[in-house]
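Q: Let's have the full structure, built from the sequences with the hints guiding it.
Heads up: the sequence lines are chains A and B, in that order.
Numbering (the numbering used here) for the first sequence: 1 to 507.
Numbering (the numbering used here) for the second sequence: 1 to 320.
Worth double-checking, as some hints may not be accurate.
Claimed, not checked - Using C-beta positions, here's what the derived DEER-type ranges look like:
(1) B:M142 <-> A:D351: 33 to 39 Å
(2) B:P126 <-> A:E301: 53 to 59 Å
(3) A:S257 <-> B:A94: 48 to 54 Å
(4) B:R7 <-> A:N107: 55 to 61 Å
(5) B:E51 <-> A:G141: 25 to 31 Å
(6) A:N107 <-> B:D173: 25 to 31 Å
(7) B:E51 <-> A:E147: 54 to 60 Å
To be verified - Anything over 10 Å on all C-beta distances counts as not near chain A; from chain B, calculated:
(8) I5
(9) R8
(10) I36
(11) D46
(12) Q86
(13) L95
(14) T137
(15) T139
(16) G254
Because the hints were derived from the structure by calculation, they are not lab data.
Virtual Cβ for every residue (Gly too), placed ideally from N, Cα, C.
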Amino acid sequence: MLNRKALAGGILAATLVLTAGCASSGPSEEASTGGSITVAAAQGIPQLNPAIRTFAWEEVLFPLLWNGLSKTNEQGEIVPDLAESWEATADQKTWTFKLRDGVTFSNGEALTAAKVAASFEYYLDGETATQEANKISMVSGVEAIDELTVQFTLDEPVATFPSAIVWVKVLDVDSLDTIDKDPIGTGPFTVESFTPDDSVTLVRNEDYFGDAPALDEIVLVTAAESTSAVTGLRSGDLDVLWSVPAGDVEQLEGEGSISIVRPESPSQWPSWEMDTTSAPFNDVHARQALAYAIDRETILEAAYYGQGAVSPTNNALSENNPWFGGDLTDYSYDLDMAKKLFAEAGVNEGDTLVWWGIAGAYPEWNTSGEILQASLKEIGINLDIQNNDIGTWVDEFYPAGKSYPGMIVPNFQSTPPEPAYSLNFYLPGRCECNWVDEDFLSAFSGALAEPDDDARKAQWATVQSVINEQVPLIVPLQSTVATGTSSELSGIWVEGGGQLHLESATR
Amino acid sequence: MTRFIIRRVAISIVMLIATSLLVFIVLRLLPGDPIITRLGSTPGVDAETIERLREEAGLGAPIWQQYLSWFGGLLRGDFGQSYFNQFSVNELIALRLPATLEVTGLSVIAAILIAVPAAVISALRPLGRIDRFITATSTIGMALPQFLIGIVLIVVFAVNLKWLPARGFVPFDEDPGGNLIRMILPAFTLALASAPLIMRFLRASMIEVLSSPFIRTARGKGLNAWGVVIGHGLRNALIPSLTMLGLVVGYTLGGVVIIEYVFGIPGLGSLAIDAVFKRDYAVLQSVVLLISAMFIVTTLVVDLLYGVLDPRLRIGARRG
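A: Quick look at the structure:
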């Protein structure tokens, strides 16, 4: 181990000498600003393969170490990344991407269409249990047409394909066996050292094809204990704290030395799942009743400290999402309606439902459960709050297809604002609610295939109408992921789903 | 003496094997498994894929077979492979052990530096004003949970006074000063919790020693007061306290788990906590075993040292 460390140190020193040489040959304004920042989150980073990311926090690495063909910019638009341009055939089933010339991986190898194709094949391989599989499952073929042209053939038309592949990062598939120890990427930073679940030290990639990052170094650390994490941000030991506990946001915001960064259009949403195939939630009335029994305003204020916006239409899309719409029932808190609908579904006074949460993490879930418990009690229904450790919790309902009658399982989803990749959570086999609805499926594929924006908006409205009526999940609100940063820093932004972007951070 | 050593070593080995069995079985009785946790945020994975990943990770075999293969690995010095990355458990432990050893070592030293003078001063006038104050303070120290002491120290010294960093770690070989300054709060937190144990024990044995006839004789011979207290009193009282040191190391190793978590120190404790949440069996069972081994070995060494230092025990062992 020591030898390996020494060897790595030697290589690093050699690299630094080499890169220092490169830097001096072409001095740039940005490079001179330099500096290092320490960025913390409550979760750790256990591994470095973006295809099999374990926890949401790992996504902070995606734009720092790798690139996709397309990416999301700060305004939420899908723009070229490794691709220079793309086009689709009229039927939206064949997509051709032209790659940038002159991009190299951090091991010096050139980016080619063949490497891009190999990456996609890795993501598409059934053996790779990747979170991206669902978004690209319609890809039936990927082919390198020439050095810098890749072509995708799809089974079904997808007008939003460039948005589907934002999180498919182009990897050097030949070195996947050593990706945790020596990751190879094309991004603005490279990994200097990695201690799983504790820290990742990134240094600037001098050969990056895009604008050179301003920082010399980014250190990502785990600050599991929230009091000491917030204290670390206050005392300046941490420059950035991702996902600040909601209860601390207001106070931190009042302190001059800390800024709070929030996404433009929040697309992180608590999703309370029920098994729609077993009693009582196999009856749509029981699901609608539950939707009415939720005091969304109180939950937002008490559990989420006002960090977000309520969703009275029980919608995964926030009301300021450009695709929000449809013929939507308002499920604002109404216990009379809840009682009546519960009775229709055979849930009566004295019956008990179970809240299946996680102990010790996500305090907002527990508070939400307690508020729901008080509401249900008013109409004579008991809610038994059971909080377990994460392994026990997940085992009860995951993977999709399990039966868990009478349970309400709090969870949350971080999605892009694009409905194709947020509302797709309702697709069979994905949502543990086990919901299958033909109207939804046909409206969903209709929306995917529609290249015209206005027509697609109408299709998405139909999709939302079906979801709104059927209530396969409870979405009480959209929550905001607040990131605390030292006010000396700028250029940091957060995507709707909560993904932190540090690539253009400057001190 | 040899028989005593052999017996103690044999008992230690049996305890280690029992610990390994217990940890292995208890972990597998918990619901969930590492594969499920790894996929926890990956919607759309089907049951067959999960089954295949379980097989690949060697979780499909009967539990006794899994234990034997892990135990076989242990005998070869191979702790196995993490289910969450490409690091072997040996590598993960090697990355984390130095921080744990450092914070444990420093806190035991700090605990001794706090406890010994406090015990001596207390024992000079038992039930005097100073003694009552020290005893009361030590009771509070023992009663407070360590994470609370840690957070109070952070608030006072890092946030209000801004003397010390609130959290974090840098390796000693990279930046010795930075390393030590970050070690002060965690080491003191642990020391404040364990010093009372040493203090109370040492105080009791000091009082006993100071009231024994040979001290009166020494005083009667006209030796100076501090010479008697330190040279005769403390020296004789330290030997029984040595046993306490073994317990303190164990207590500190237990506390270090939560302290690493609070202060963001990349040690075995934070590795173990992560492994619990993720059901990373291979990592957790190895770390728990290692920490138990550290405790068992410390008590063994203390017992053996005790035998060496206390002639009475040496003679007793020879007779027995």
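Q: Each of the hints needs a verdict: does it hold here or not?
A: Evaluation of the provided hints:
1. B:M142 <-> A:D351: 33 to 39 Å: With a Cβ separation near 48 Å, B:M142 and A:D351 fall outside 33 to 39 Å, so the hint is violated.
2. B:P126 <-> A:E301: 53 to 59 Å: Taking Cβ atoms as reference, B:P126 and A:E301 lie about 58 Å apart, which means the hint holds.
3. A:S257 <-> B:A94: 48 to 54 Å: violated (38 Å)
4. B:R7 <-> A:N107: 55 to 61 Å: holds (58 Å)
5. B:E51 <-> A:G141: 25 to 31 Å: Since B:E51 and A:G141 have Cβ atoms about 28 Å apart, the given range 25 to 31 Å holds.
6. A:N107 <-> B:D173: 25 to 31 Å: Roughly 28 Å apart at Cβ, these two residues keep to the hinted range, so it holds.
7. B:E51 <-> A:E147: 54 to 60 Å: violated (41 Å)
8. I5: It holds; B:I5 is separated from chain A by about 32 Å at its closest Cβ, greater than 10 Å.
9. R8: Fine: 31 Å to the nearest Cβ keeps B:R8 off the interface.
10. I36: Per Cβ check, B:I36 is inside 10 Å of chain A; nearest 6 Å; violated.
11. D46: violated (6 Å)
12. Q86: Violated: least Cβ distance 4 Å, not greater than 10 Å.
13. L95: violated (5 Å)
14. T137: About 24 Å separates B:T137 from the closest Cβ of chain A, which puts it past 10 Å; holds.
15. T139: holds (25 Å)
16. G254: About 17 Å separates B:G254 from the closest Cβ of chain A, which puts it past 10 Å; holds.
Checked against the numbered hints above, the structure breaks hints 1, 3, 7, 10, 11, 12, 13 and satisfies the rest.
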